[in-house]
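**Q** For the protein sequence lines, the chains are E, C, R and U, in the order given.
Read the first sequence against this note's numbering and you will find it ends at 461, with the numbers running on by one and no gaps.
Read the second sequence against this note's numbering and you will find it ends at 1461, with the numbers running on by one and no gaps.
Read the third sequence against this note's numbering and you will find it ends at 2141, with the numbers running on by one and no gaps.
Read the fourth sequence against this note's numbering and you will find it ends at 3141, with the numbers running on by one and no gaps.
Hints were generated in silico from the structure; no laboratory data involved.
Values in this document were obtained by computation on a predicted structure and should not be read as measured data.
Among the hints, erroneous ones may be present.
As the list claims (entries may be wrong) - BS3-like, lysine-lysine: derived pairs with alpha carbons at most 30 angstroms apart:
1. E:K354 - U:K3022
2. R:K2105 - C:K1354
3. U:K3105 - U:K3094
As the list claims (entries may be wrong) - If we take Cβ atoms under 8 angstroms as the criterion, some of the chain R residues that face chain C in the derived model are:
4. I2066
5. L2070
6. S2130
7. F2131
Ideal Cβ placement from N, Cα and C applies to all residues, glycine included.
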Amino acid sequence: MFKRILIANRGEIAVRVFRACRELNIEPVVVYSQADSEALHVQLAERAYCIGPARSADSYLNVDAILTVAQATGCDAIHPGYGFLSENADFADACAQAGIAFIGPSGDVIRAMGNKAAARKLMVEAGVPVVPGSDGAVDTAQEAKALADSIGYPVLIKAAAGGGGRGMRRVFEPDQLIPLFEEARSESVACFGSGEMYLEKLILNPRHIEFQILADSQGHVIQLGDRDCSIQRRNQKLLEESPSKALTPELRERMGAAAVAAARAAHYENAGTIEFVLDPEGNFYFIEMNTRIQVEHPVTELVTGMDLVREQIRIAAGLPLSRTQEEVTLNGHAIECRINAEDPSNDFRPCPGKIDFVHLPGGCGVRVDTGLYTGYTLPPYYDSLMAKLIVHAPTRLDAIRRMRRALEELIIEGPANNTDLLHQIMHHPDFIRGNYNTGYLEANMDTLLAWSRSGEEEPKA
Amino acid sequence: MFKRILIANRGEIAVRVFRACRELNIEPVVVYSQADSEALHVQLAERAYCIGPARSADSYLNVDAILTVAQATGCDAIHPGYGFLSENADFADACAQAGIAFIGPSGDVIRAMGNKAAARKLMVEAGVPVVPGSDGAVDTAQEAKALADSIGYPVLIKAAAGGGGRGMRRVFEPDQLIPLFEEARSESVACFGSGEMYLEKLILNPRHIEFQILADSQGHVIQLGDRDCSIQRRNQKLLEESPSKALTPELRERMGAAAVAAARAAHYENAGTIEFVLDPEGNFYFIEMNTRIQVEHPVTELVTGMDLVREQIRIAAGLPLSRTQEEVTLNGHAIECRINAEDPSNDFRPCPGKIDFVHLPGGCGVRVDTGLYTGYTLPPYYDSLMAKLIVHAPTRLDAIRRMRRALEELIIEGPANNTDLLHQIMHHPDFIRGNYNTGYLEANMDTLLAWSRSGEEEPKA
Amino acid sequence: MTNQEIFELMARFDQSGITTFKLNTKDFTLELGKGGSAAVPAAPVGAPAPAAAALAPAAQPDGPCITAPLVGTFYAASAPDAEPFVKVGDKVKKGQTVCLMEAMKMMNEVHAPCDCTIEAILQEDGALVSFGDPLIRYREG
Amino acid sequence: MTNQEIFELMARFDQSGITTFKLNTKDFTLELGKGGSAAVPAAPVGAPAPAAAALAPAAQPDGPCITAPLVGTFYAASAPDAEPFVKVGDKVKKGQTVCLMEAMKMMNEVHAPCDCTIEAILQEDGALVSFGDPLIRYREG
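All chains, full assembly: derive it from the sequences and hints.
**A** Following this line, the structure appears as structure tokens:
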């Protein structure tokens, strides 16, 4: 096992990894930018080094500085957390060259999965379903028509050079395909000077479902169930739960098997996530693999009772997985809410600043992962995540009720945040029924914000 | 199910019950003394009533005031927590007479189990082992000798009127019995004017092992495993864990069956605890039954995944237990540390006062039950419990390591407390080996305090 | 002024809700201040109007008050259709009954603490009133 | 007023929730204040000496300092047995090399920001130094 691990990250995930190290009797070494000298991970650590100014490029993305500290302090491994250098293949290579274990997959695997076309090709070969479509450019409208007829409508036509909706058309009727294809191509030629077109199946109202996988250096690959991350705003996840209400046991089984096949195909090692879209008919398609620990990993920890960061460290140290697939059992239901320093009533404007007072929820079935404390100042340079509230209960409805009361107990005085929006979601009939997809938040935001406003006014009345 | 529950308690257990109510969609009504107007349970509640001045007798023990609030606010049940009125049979009767459900057993059951002689008799009839001894007074030295010979040595001779060790003798050798009996009796006559003597088996180096039971109104009785509460100071528990390292699976099975038999014999209903002493040879003896929720109930919640306060409320509402005995599974290991506002280096002097800053631990496998917040003032009128730190992990060693890091994260600025003493226990070889009994803390206090002092001096060096 | 006297002033100030303190005597001046207003948890998010906050440190009315000697229901009169014991402006004698507090079906008379004039009735008839809450404001004499 | 008495006042003030304190007597004036900086978590309980605390807001030495332009190992000389680039009391020219910082096997020269006199070498030779930490204190001219 490692003696000393450098934690190349900040915020709640740095604290999360720090805790796993302490519990494994591994000495954590932390690094921080000048803007983070008062951060909790620095306060907790016995060994902390400033690696540069506030700007991420000069600090948390500063490979030379991070490797310098790792070598000078005798670290035998680096945990990259999420974001920053966590999916940087060159950094993984640099660690390997420096003789330091990178807690994650190899640079080659990161590179392979980071290339969407290559990853798609690999999955097709492994028999994992991908969104049906042209594997390359479609040259003519007739070719497009034939392809669309074969994969079924609706389809999406998009220009290789397109953006902002330009050169893009949704086609619901077969006889509209040829005219719309020509229209989109003309638009693309006019706007971008390129007529290169692609075509793929249009997934309407998809769910975002992902599977957690673990793979060790001995070739064992297991999956730890699914997470439903469909509550998103502009592709930013806001709330995750496990298990998804959209999956039947049979579908869960099939998707889990596909996730394991995907990880095997990638020769994956360490913790990773296979992301799928799921259409309302129960068809699922691989979209990408995340080659790192995810923000939402605690929901899986609560339903499996496994410590994923601990597993990551064990895997990187060459140890086998602590459980076989048969030993993985999923118990109860978990929900995570991301408490962000952003103001929903003000177009989600980020709100860094001083935390005058914080009171975190606790008690039965409640977990909080955060870097906040009373008196801490949230710097404006990084993401707006303040805390993750995660609850676990025997049933989904119990978990929703537990999350409501946890959100009610949470008090953050200082920067505006999205606690109330999350609380309203917990009362929204479609959420309670589990009847939502990735369009949920956009479709219901006005309602949720109106409820939020009326709740605020009540005490004044 | 109940619509509204009055919580007749304060501190962390009032918050605990409050949370269970919120999660069941039951409206909690809280009461408080004048000294507790800033307490967390009052801050959280929408309906809170002051029931009297600081002194418990005038507030939390004020039956009339509590029933007045319960009736005036339309509560259909009262949760008494622990301490205060929780084992007051007359209060349970008064609730019943007022048509309000008392969340606990009936007054008659409380009364029966509160009388030690009656409870002992009941257990003997039910075949539950009790500490062998004279069921009443022993009249002569010869009678005492015959009894001692039959139950085996060592034995304890004690005067009915005795106290402070007077009139008490431990007898290890048979030929010492008669002279020591006469000696003790003479002492008792001289000191207390009474020669009434009892004799019982002396249990050397016992463990304090208790079993959690649940019994519903339909006659279902289940046990939820054991808790080892042997780490005590002057009969005050400081740290509890489940499962006990002292029990083999076979012994756990037998003790669990005895606990269920005991609860059945008492015609018990609601949550209760059967306390045993366990000698080093694996013999166990009933000592008493606690007819309420215990401070240390969260360790059982973590290993069973069951919410005991929720079960209490369900039982009182006439619902069946949510699990059968077969459905109860014990997973992993849990430890609770009681953080008390008392100064171990100053003979455990209570230290109420203002909490200038508090930072509670969090993350994977850590639960905190507390009424503290930054700025709160701990009043001097009640017990010194500040917070309960509870951890859960797959193995006992993992749980110990998790507790260490949780204790390291806990920061309370203001009143002195016992956090460091607990941290030292987590590093003590006998504790780590699970090799301890009720004499552990007294025997090791000097060592632990010395470690604590040396740790404190280090930063100054 | 001795340090001991200053300590007493500081302690009293510290415990009070007062945030600034200035004392001028011919010999010396003492100024104390408290910043920040130490945060206390606010009302639960999204919850209805926080009744507790209203109950807890009830805004202190001007002048002395007769407070509730126990938690219970406040009655201004001996029966639903009877005249109230006292009305604003009444002059009452020490020991005179000014209202009733019901707890556990028992009616408890509340008496005037001194000869006084009633200035305000602070509770609704039939309201559940916490221990120590002000019931009736009065002026001595 | 004796220092002892002032110490007592300071201690009492420090423990209290009071944030400003002014005392004027005919002989003297005493002002105490406590800044915002609400409590930050202290060192982990029972843990060895808190290195982080020492690193974080390193006690600011008197006078301007040359600070570490990157995190790395500090070297006062170009080789283990060579003379140090500068010694206390040396007068150096703007741009003159005053020490080396090693990061990733690369030696980075650190230069004097102006003509100055070296007042103190603040790091041990070979120590790992955080970005921005003071290396060498100087006096202009």
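**Q** Does each hint fit the structure? Answer for all of them.
**A** Quick rundown of the hints versus the structure:
1. A threshold of 30 angstroms between alpha carbons decides the hint, and for K354 of chain E with K3022 of chain U the separation of about 28 angstroms falls inside it, so the pair holds.
2. Between K2105 of chain R and K1354 of chain C, the direct Cα distance comes to roughly 40 angstroms. Violation of the 30 angstroms bound is thereby established for this hinted pair.
3. Using a Cα cut-off of 30 angstroms, the hinted pair K3105 of chain U and K3094 of chain U holds, with the two alpha carbons roughly 26 angstroms apart.
4. With a cut of 8 angstroms, the hint placing I2066 of chain R at the interface with chain C is violated, because the nearest CB-to-CB distance is about 16 angstroms.
5. Hint status for L2070 of chain R relative to chain C: holds, with the closest Cβ pair at about 6 angstroms, below 8 angstroms.
6. Here the hint on S2130 of chain R is kept, as its CB sits about 4 angstroms from the closest CB of chain C, short of 8 angstroms.
7. For F2131 of chain R, the suggested interface contact is upheld, since its CB lies about 5 angstroms from the closest CB of chain C, less than 8 angstroms.
Checked against the numbered hints given earlier, the structure breaks hints 2, 4 and satisfies all the rest.
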